[in-house]
Each structure stands twice: as C-alpha cells, then as structure tokens.
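Protein chains: 2
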Amino acid sequence: MANLKHTMKRIAFPLVAVAAVAGFVANSAPASGDADGEAAPIFGIKIPPGYRDWRLISVAHEEGNLNDLRALLGNDVAIQAYREGKLPFPDGTIIARLAWSYVPSEANNKVFGRSQSFVAGSATNVQFMVKDSRKYATTGGWGFAQFKDGKPADEALLKTCFPCHEPVKARDFVFTQYAP
Amino acid sequence: MANLKHTMKRIAFPLVAVAAVAGFVANSAPASGDADGEAAPIFGIKIPPGYRDWRLISVAHEEGNLNDLRALLGNDVAIQAYREGKLPFPDGTIIARLAWSYVPSEANNKVFGRSQSFVAGSATNVQFMVKDSRKYATTGGWGFAQFKDGKPADEALLKTCFPCHEPVKARDFVFTQYAP
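Protein sequence lines, in the order shown, are assigned to chains A and B.
Every position in the first sequence, counted from 1, becomes a number in this note's numbering once 9 is added.
Every position in the second sequence, counted from 1, becomes a number in this note's numbering once 9 is added.
In case anyone wonders, no lab produced these hints; they're calculated from the structure.
Given the structure is predicted, the values throughout are model-derived calculations rather than measurements.
Be aware that a few hints might be false.
If chains are identical, the list can't say which one is meant, so a pair holds when it fits in one copy or spans any two.
[To be verified] Cross-link-like lysine to any residue pairs, in silico, SDA-like; alpha carbons within 25 Å at most:
no.	residue 1	residue 2
1	Lys144	Pro50
2	Lys157	Pro189
3	Lys178	Asn117
4	Lys119	Gly94
5	Lys119	Leu166
6	Lys119	Trp109
7	Lys119	Asn134
Please build the complete structure, drawing on both the sequences and the hints.
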C-alpha cells in the first residue's frame with residue numbers, strides 16, 4: 010500500500026471527514042463547520058472537523074486523578090497504518106483521544122445484581138496527535154493539541170505532551186495499540 | 010448494553026476497511042470475507058460485515074466476572090438515531106458491543122509514575138443487537154447475537170439476552186447512551 014506522505018498545512022484548513030455521512034455536527038466541540046475555531050498554542054492545531062466520526066483504535070480506563078474512560082479514534086491514515094502494523098505513522102496521521110468521566114451505571118448494576126458497571130459520563134477534554142514530520146521535526150514528527158469545550162489548552166500544558174511521549178519512541182511516540 | 014455470563018475469546022477475522030456501511034441486511038449478511046459465517050441461533054443473525062469500522066457510541070468498563078473494557082459501535086442508522094435522540098430505534102439499527110480483557114499498561118504506568126492505566130488486551134467476544142420490529146416482535150423488536158472466534162453462542166445463552174434488556178424498555182431496551 011502506498012505510503013502516504015502529505016505535506017499539509019493543518020492550521021487553518023479543515024480535514025476531510027472519513028465517513029460518508031452528511032450533516033453531522035459533533036456534540037462536544039464546535040468542530041464541524043467552525044473555520045474560526047481557535048488553534049492550540051505551540052503546534053497551531055485546530056480541532057479536526059468530523060473527528061467524532063473517526064474509527065476506533067482502542068479504549069482505556071485511567072484511575073487516579075484522571076478517573077476517566079477514554080476512546081482513541083483515528084482518521085483513515087491512522088487506521089490504515091495501525092492495521093498494516095506500519096511504523097512510523099505516515100504524515101497525515103491524526104489520532105484523537107476522547108475522554109469522559111467515569112460514572113457507575115445504576116441501570117446496568119440493577120441488571121447485573123451488583124456494582125460493577127462503569128460508563129462514560131460527561132466529556133472531559135479531547136487531545137490530538139497530528140503527524141507532520143517536517144513541521145514537527147523537533148517533537149518526533151508529531152504536533153499535540155488539547156481542547157476543552159472547544160477551547161485550546163495553554164502553552165504550559167502543551168509543553169508537557171512530547172516529553173511524556175518520548176519513552177515510547179520505539180512505537181513512534183504513540184502509546185495506544187490497536188484493539189482487534 | 011448489558012453483557013452477562015461468558016468471557017470468550019474471539020479471533021480477529023478479515024476486516025474490510027470501508028468508510029461507510031450501507032444497505033445492511035439484518036438477517037442474512039455474511040461475515041467479512043466469510044459468506045458462510047454461521048448464524049447465531051434463535052434470531053438467525055450473522056456477523057455484520059465491516060462492523061469493526063462502525064462509529065463509536067460509547068465505552069464502558071465491567072468489573073467482576075467480566076473484567077473487560079468495552080466499546081459500543083453503531084451502524085449509520087444507529088448513530089443517526091442516537092444523535093437525533095430518536096426512540097424507538099428504527100428498523101435497520103445495529104449496535105455492536107466489542108470487548109477486550111482489562112489489562113494494566115506498563116508503559117503508561119511508567120509515564121504516569123503510578124499504577125493507574127488499563128487498556129484493551131485480547132478480544133473476548135462480540136455481541137449484536139439488530140432491530141427488526143416485525144421479525145423480532147416478540148423480543149421488543151430486537152434480535153440478539155453473540156460470537157466468539159467467529160462462532161455463535163448457543164441457544165441457552167441467547168435466551169438470556171432479552172430478559173436482561175427488558176428493564177430498560179423505556180429506552181427501547183438499549184442500555185448504552187451516546188457519549189458526546
């Protein structure tokens with residue numbers, strides 16, 4: 010399969026949505042059709058339109074301070090690379106990390122007859138990793154962004170992204186593996 | 010969506026990387042690349058092709074015997090109904106419940122500096138709810154199926170599906186709510 014190496018400027022330009030569904034508007038972020046969405050600092054990334062429609066990479070649960078349930082979604086380039094087991098990820102890869110508060114489900118627990126079921130509550134924040142090996146050469150080829158209610162995180166926070174990802178350099182700085 | 014008794018392994022089978030799924034026929038669609046896939050008993054449902062490419066409804070964690078992380082994916086009809094807040098779900102709705110073993114992530118924990126991160130391990134089993142209000146009139150309009158390694162669960166197990174879903178009749182027998 011051809012190695013897709015895009016050169017692109019992602020700051021001001023919407024991405025092509027993956028799924029062939031018209032008229033979808035993301036609930037948790039003013040993404041779709043919002044060309045004026047604020048770019049996150051340092052890497053200059055805006056919320057990719059239609060990311061809520063992207064395909065599933067995997068899921069996770071974080072205990073501790075985060076206390077969330079999370080889903081990783083990937084655009085076409087990301088999903089293709091994951092399924093081919095291709096590293097490094099090609100330019101154009103975007104991985105979205107969605108997260109929600111970790112909430113017990115009363116309805117489910119009633120049925121199970123015990124307290125065991127935890128589901129997604131309200132959305133917390135969304136993070137993106139965008140691959141552009143030229144533009145983001147100093148951070149392993151990846152740009153990082155985080156948004157909450159459509160608003161970007163500040164510079165201090167975004168400075169911490171890459172240093173935490175550095176330990177998984179052998180997996181092209183991506184922690185999440187594909188869930189079959 | 011409630012899943013009860015069994016934890017089973019599921020072999021990853023060939024996936025079709027499609028951007029959209031249209032025109033799915035509930036009761037006779039062959040599995041991806043497997044036109045001879047066996048139908049599950051009682052409701053006669055086969056594995057819908059391309060379900061791994063469907064969009065995310067929500068995620069959950071089950072403790073106890075299940076001890077899994079799960080993702081609910083929906084076909085176009087399902088996703089549209091969820092986003093419109095439409096009940097009952099229209100005929101043609103299919104909801105897939107994927108699940109994986111609940112596994113601590115050593116790489117993640119190293120970075121967080123504490124044991125807190127749990128990710129998807131190996132696939133356990135997959136379940137489907139298929140809406141056809143005529144064909145499945147006696148079970149609230151829904152047909153149920155479960156597969157492990159591409160093989161359907163037995164009749165005894167599938168008899169237990171609808172009784173557990175009955176308590177959420179007010180939500181058209183579907184436990185899972187849409188994660189924004």
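Evaluation of the provided hints:
no. : hint            : verdict
1   : Lys144 x Pro50  : within (14 Å within a copy, 54 Å between copies)
2   : Lys157 x Pro189 : between (29 Å within a copy, 13 Å between copies)
3   : Lys178 x Asn117 : between (40 Å within a copy, 13 Å between copies)
4   : Lys119 x Gly94  : between (41 Å within a copy, 24 Å between copies)
5   : Lys119 x Leu166 : between (40 Å within a copy, 19 Å between copies)
6   : Lys119 x Trp109 : both (22 Å within a copy, 23 Å between copies)
7   : Lys119 x Asn134 : between (30 Å within a copy, 22 Å between copies)
Checked against the numbered hints given earlier, the structure satisfies every one of them.
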